[in-house]
Amino acid sequence: MAESSASNQKLLLTGASGFVGGFVRQEARCIPLSLNGKEVDLRNVRDTNDAIDQIRPDAVLHLAAQTFVPRSFDDPLETFEINFLGTYNLLAALKKIGFAGRFLLVSTGDAYGSVAPELLPITEAQPPRPRNPYAVSKVAAEALCFQWNQTAGFETMIARPFNHVGPGQREDFVISGFAKQIAAIKHGARPAVIEAGDLDVTRDFLDVRDVVRAYLLLLQDGHAGETYNICSGTERSIRSLLEKMLELAEVDAEIKINPAKFRPLEQRRVVGDASKLCRHTGWQPSYSIEQTLQDTIHSWEYQTA
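Here numbering that gives the first Met the number 0 is used: the first residue of the sequence shown is 0, the next is one more, and so on.
One thing to keep in mind: the hints can contain errors.
Stated by the list, open to error - For each label pair, taking beta carbons as the anchor points, the in silico distance ranges come out as:
id	residue 1	residue 2	range
1	A91	T122	25 to 33 Å
2	E249	A91	47 to 55 Å
3	F261	E77	18 to 26 Å
4	L76	G281	36 to 44 Å
5	D49	I256	44 to 52 Å
6	P126	E265	18 to 26 Å
7	S285	T122	17 to 25 Å
No lab work stands behind these hints, which were simulated from the structure alone.
Note that beta-carbon positions come from the ideal geometry of N, C-alpha and C, so glycine has one too.
Given these sequences and hints, build the entire structure.
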């Protein structure tokens with residue numbers, strides 16, 4: 000079986016086929032949660048138990064989730080089943096085999112929800128106040144992992160990544176959606192018009208490759224039972240990022256606001272503080288926002304060509 004290059008242990012990766020999972024597989028030798036060559040749906044208790052019994056991992060990076068916020072409003076029950084019950088099924092399967100390693104739950108910076116501007120940047124001391132079904136499901140999974148850290152005989156940690164972006168991300172996420180439109184304009188495949196939602200909210204964006212390095216460092220050096228923000232610590236408006244992308248691509252386009260793309264209960268400003276992660280693991284981001292945006296545009300240009 001594959002082993003993680005960092006620790007010489009079997010690292011189980013859920014969500015291996017997703018956007019972030021692909022970058023984890025580039026950085027570390029890991030074992031996808033699969034059975035008979037097919038990725039396991041964590042809602043299926045029997046398949047989850049059988050796969051865990053076969054793999055018997057030494058460490059777990061739990062990425063698998065329904066992460067798209069609009070979809071969580073459309074089907075909150077599905078989101079809760081995948082993100083909370085799926086996490087429970089995974090933890091229970093691990094306990095059944097006597098797992099005694101480290102378990103990292105990938106949650107979300109969206110767990111903080113409603114945060115007053117005077118409380119920015121957001122630290123881990125800020126209590127969660129989730130504002131959408133996706134964030135609610137993740138906060139519930141966090142509570143479950145915190146409880147299991149105390150009672151199950153193995154160590155759990157929680158990662159709260161803020162917005163992350165990079166080559167290969169789905170177009171329904173804002174920066175990747177812009178990148179696809181820009182690539183199409185550049186190749187003459189669409190008119191020079193960018194369709195956008197609310198451009199005046201701010202977010203804390205980080206390159207997916209820096210996020211993945213943080214996950215692997217947490218599995219190695221994170222403290223059991225702790226929660227960690229993963230973020231850049233820089234607040235940027237969506238408008239400024241779109242303008243930077245147009246500049247990098249040397250594309251001149253009209254920006255057309257589509258109110259249908261606005262989200263209910265949108266948090267106006269978001270910026271996080273990752274100093275705890277830095278102290279405990281030595282992590283520092285290595286990709287500039289310009290490099291991240293350029294790579295994301297290039298990935299869509301490659302697909303458009």
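A quick look at each hint next to the structure:
A hinted range of 25 to 33 Å for the beta carbons of A91 and T122 is consistent with their spacing of about 32 Å. About 53 Å separates the C-beta atoms of E249 and A91, a value consistent with the hinted range of 47 to 55 Å. A C-beta distance of roughly 23 Å is found between F261 and E77, which places it inside the suggested range of 18 to 26 Å. For L76 and G281, the Cβ-Cβ distance of about 41 Å falls inside the hinted range of 36 to 44 Å, so the restraint holds.
Restraint check, D49 to I256: a C-beta distance of roughly 50 Å satisfies the suggested window 44 to 52 Å. Between P126 and E265 the C-beta distance comes to about 20 Å, which sits within the given range of 18 to 26 Å. Checked against the given bound of 17 to 25 Å, the beta carbons of S285 and T122, roughly 23 Å apart, stay inside it.
Every hint from the earlier list agrees with this structure, and none is contradicted.
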